[in-house]
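Given the coordinates of chain A, assemble chains B, C, D, E and F onto it according to the supplied hints.
Here is what each chain is made of, one letter per residue.
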Amino acid sequence: MALIIVKKSPSEKISEFLLNLALPQDKVLFVQDGVIFAACKNVKNLVKEGVELFALKEDFIARGFDEKDSEVTLVDYDGWAELIEKEEKVIS
Amino acid sequence: MALIIVKKSPSEKISEFLLNLALPQDKVLFVQDGVIFAACKNVKNLVKEGVELFALKEDFIARGFDEKDSEVTLVDYDGWAELIEKEEKVIS
Amino acid sequence: MKKVLFAVYTSPVGSIWINEAFRSAFGMYGEDLEPAVLFVEEAVLAVRSSCKPELIGCLPLAMTFKYIEKYQTPVYAVKEDLDKFNIKEDEIAPQWNLKIVSKDELPEFVHSFDKVVIF
Amino acid sequence: MKKVLFAVYTSPVGSIWINEAFRSAFGMYGEDLEPAVLFVEEAVLAVRSSCKPELIGCLPLAMTFKYIEKYQTPVYAVKEDLDKFNIKEDEIAPQWNLKIVSKDELPEFVHSFDKVVIF
Amino acid sequence: MHVTIQVNVPPYTNEDMDTAIHLAEALLKRGHKVSIFLFADSVLAANKLVKPMKVDRNIPSKLRELSEKGVEVHICGLCAQYRGIGEDMKIEGSDFSGVPEMAALIYNSDRYINLLP
Amino acid sequence: MHVTIQVNVPPYTNEDMDTAIHLAEALLKRGHKVSIFLFADSVLAANKLVKPMKVDRNIPSKLRELSEKGVEVHICGLCAQYRGIGEDMKIEGSDFSGVPEMAALIYNSDRYINLLP
Numbered sequence: 001m002a003l004i005i006v007k008k009s010p011s012e013k014i015s016e017f018l019l020n021l022a023l024p025q026d027k028v029l030f031v032q033d034g035v036i037f038a039a040c041k042n043v044k045n046l047v048k049e050g051v052e053l054f055a056l057k058e059d060f061i062a063r064g065f066d067e068k069d070s071e072v073t074l075v076d077y078d079g080w081a082e083l084i085e086k087e088e089k090v091i092s
Numbered sequence: 001m002a003l004i005i006v007k008k009s010p011s012e013k014i015s016e017f018l019l020n021l022a023l024p025q026d027k028v029l030f031v032q033d034g035v036i037f038a039a040c041k042n043v044k045n046l047v048k049e050g051v052e053l054f055a056l057k058e059d060f061i062a063r064g065f066d067e068k069d070s071e072v073t074l075v076d077y078d079g080w081a082e083l084i085e086k087e088e089k090v091i092s
Numbered sequence: 001m002k003k004v005l006f007a008v009y010t011s012p013v014g015s016i017w018i019n020e021a022f023r024s025a026f027g028m029y030g031e032d033l034e035p036a037v038l039f040v041e042e043a044v045l046a047v048r049s050s051c052k053p054e055l056i057g058c059l060p061l062a063m064t065f066k067y068i069e070k071y072q073t074p075v076y077a078v079k080e081d082l083d084k085f086n087i088k089e090d091e092i093a094p095q096w097n098l099k100i101v102s103k104d105e106l107p108e109f110v111h112s113f114d115k116v117v118i119f
Numbered sequence: 001m002k003k004v005l006f007a008v009y010t011s012p013v014g015s016i017w018i019n020e021a022f023r024s025a026f027g028m029y030g031e032d033l034e035p036a037v038l039f040v041e042e043a044v045l046a047v048r049s050s051c052k053p054e055l056i057g058c059l060p061l062a063m064t065f066k067y068i069e070k071y072q073t074p075v076y077a078v079k080e081d082l083d084k085f086n087i088k089e090d091e092i093a094p095q096w097n098l099k100i101v102s103k104d105e106l107p108e109f110v111h112s113f114d115k116v117v118i119f
Numbered sequence: 001m002h003v004t005i006q007v008n009v010p011p012y013t014n015e016d017m018d019t020a021i022h023l024a025e026a027l028l029k030r031g032h033k034v035s036i037f038l039f040a041d042s043v044l045a046a047n048k049l050v051k052p053m054k055v056d057r058n059i060p061s062k063l064r065e066l067s068e069k070g071v072e073v074h075i076c077g078l079c080a081q082y083r084g085i086g087e088d089m090k091i092e093g094s095d096f097s098g099v100p101e102m103a104a105l106i107y108n109s110d111r112y113i114n115l116l117p
Numbered sequence: 001m002h003v004t005i006q007v008n009v010p011p012y013t014n015e016d017m018d019t020a021i022h023l024a025e026a027l028l029k030r031g032h033k034v035s036i037f038l039f040a041d042s043v044l045a046a047n048k049l050v051k052p053m054k055v056d057r058n059i060p061s062k063l064r065e066l067s068e069k070g071v072e073v074h075i076c077g078l079c080a081q082y083r084g085i086g087e088d089m090k091i092e093g094s095d096f097s098g099v100p101e102m103a104a105l106i107y108n109s110d111r112y113i114n115l116l117p
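Heads up: the sequence lines are chains A, B, C, D, E and F, in that order.
Be aware that the first sequence starts at 1, since it is given in the working numbering, and climbs by one per residue.
Be aware that the second sequence starts at 1, since it is given in the working numbering, and climbs by one per residue.
Be aware that the third sequence starts at 1, since it is given in the working numbering, and climbs by one per residue.
Be aware that the fourth sequence starts at 1, since it is given in the working numbering, and climbs by one per residue.
Be aware that the fifth sequence starts at 1, since it is given in the working numbering, and climbs by one per residue.
Be aware that the sixth sequence starts at 1, since it is given in the working numbering, and climbs by one per residue.
Excised from the complex, chain A in its bound form:
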């Protein structure tokens, strides 16, 4: 399935567009200002059931969030590289 990379903040239309694209079993990774999604209580409701959500830990922490504030799985750059290996398709 696909890895969808969301790098813009929740206030940008393109982020919503990308989240709508995710099919069950796709993975969504929030990076850069996209990590603001990871702190949204309702983030899981923004995607179809069965979509797995991740956020880049470095970008989340740098923006002043605490790891425990994340509603999604945090991964580091090595984890991002791993997601790239696993998913055949990248949408970004």
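For the record, the hints were derived by calculation from the structure and aren't laboratory data.
We put the beta carbon where it would ideally sit given N, CA and C, even for glycine.
Take the hints with a grain of salt, since some may be wrong.
Using C-beta positions, here's what the derived DEER-type ranges look like [to be verified]:
#1 61/F to 53/E: 26 to 34 angstroms
#2 95/D to 20/A: 36 to 44 angstroms
#3 90/D to 110/E: 40 to 48 angstroms
#4 61/E to 82/B: 23 to 31 angstroms
What follows is chains B, C, D, E and F alone, placed relative to chain A:
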């Protein structure tokens, strides 16, 4: 009073921020992608009563809109220059 | 043969992305690649024949037309975004040979490409 | 004495605008100008003491602190935007000496400046 | 009246330099003094090595023409260093300056028009 | 695996080059081949004349270091012309190319990661 220049499209938060700033007797000029506002039926409801709305004709036409689609007064660059002369303050 | 989608979400006037998407797409024919272009959000304003960035001194969208015809590059736009801007069928420049895709078809549509580049 | 406002609406990490707003503001003291800086929208994330762009290799926000103290540059943030990001008073770095302005005070507040530059 | 226009985004990629140039022309026609302050990525607009396609407009040339008509073109020097633009690359009629110059322009201009990034 | 990362926005102003560099390093560590395609304003990242402040990171140097570790750095040539960057200004280990090279990278890479503008 102030001339407030809105250059970003209606989908951007900063546009809403700028429209909220407008006080009665202020003038708002839509330029660049901001001119998309000029084609919105409800554009006058986005600002306080007494705020005058303008859009840059060149930018409106270039985006494929017809002059008659505009809900606000269209001005050309010369008209923009005139607005700059009249208003003591520019917020942009 | 791999399929490549160039999707553009930025406004057609005053930024380079639609022209760059087509320049990229046309470059794909040098390899065994099949490109397509998709307009979403404000990029759909491009399809009106009256949309002319050259009126404010920017590069014309129409410079892509002869290559779209030559290569038969498919161009898509999202129905709901066309509706949002009240773009009617008879306003659309025929040179785009525009195909419409609805919002709920989008996930399957985008997944049908091997590579996706969004501008 | 003229009053100048530098308002920033862009995210504090990964873009230069907050640092550029302060660099501009501090430059104003060479003239008979009185600068202030306002954080709106996502820029308010800057005020948390845990917000550290240097963790991903960008310039630190903290480099502004000694000049804020030296010049006593007033720094404001919008209350509703702080609330949106659930930023609590005890999380705010004291070096900002942050003043809060509410959304309905904003129009009068911004109009009280002679020149306004938004980043 | 002295009007200053500040630009913050790169030429070509975005239309802000075009907007600034058209507005400067309109202001000149109405008899005003115009200054342009190039900040952040907009400094690229004053690089005479910029080579657009023949079908495209030449923004640095247009800026130089404006300067010949009396428009002051100020380039933020630190911004230029960050974008690899040296003194020898700037168009004729433009000057490297910095935030002190920005402050002077803000202080002395009757109107200061920022095109936000 | 061959992974290509395309960047589209200017360095420093936005963090995309930093993101690309960090990701490239992580991919290298896991044994992958990495290419970076610089498109539009991101071409500034390969300009060796870029002079950041001393306290700031030097992005062109970091790119050169990556190229020494085997990362291919491709620069869109037309994009570079539009930004005043000549052959003599590019960092060692980078190459001017264009959309044909982009096509080859899209065709040959196992993964193509675009950082949208």
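Let me make sure I understand: some of the numbered hints might not hold for this structure. Which ones are they, in numerical order?
Result: no hint breaks.
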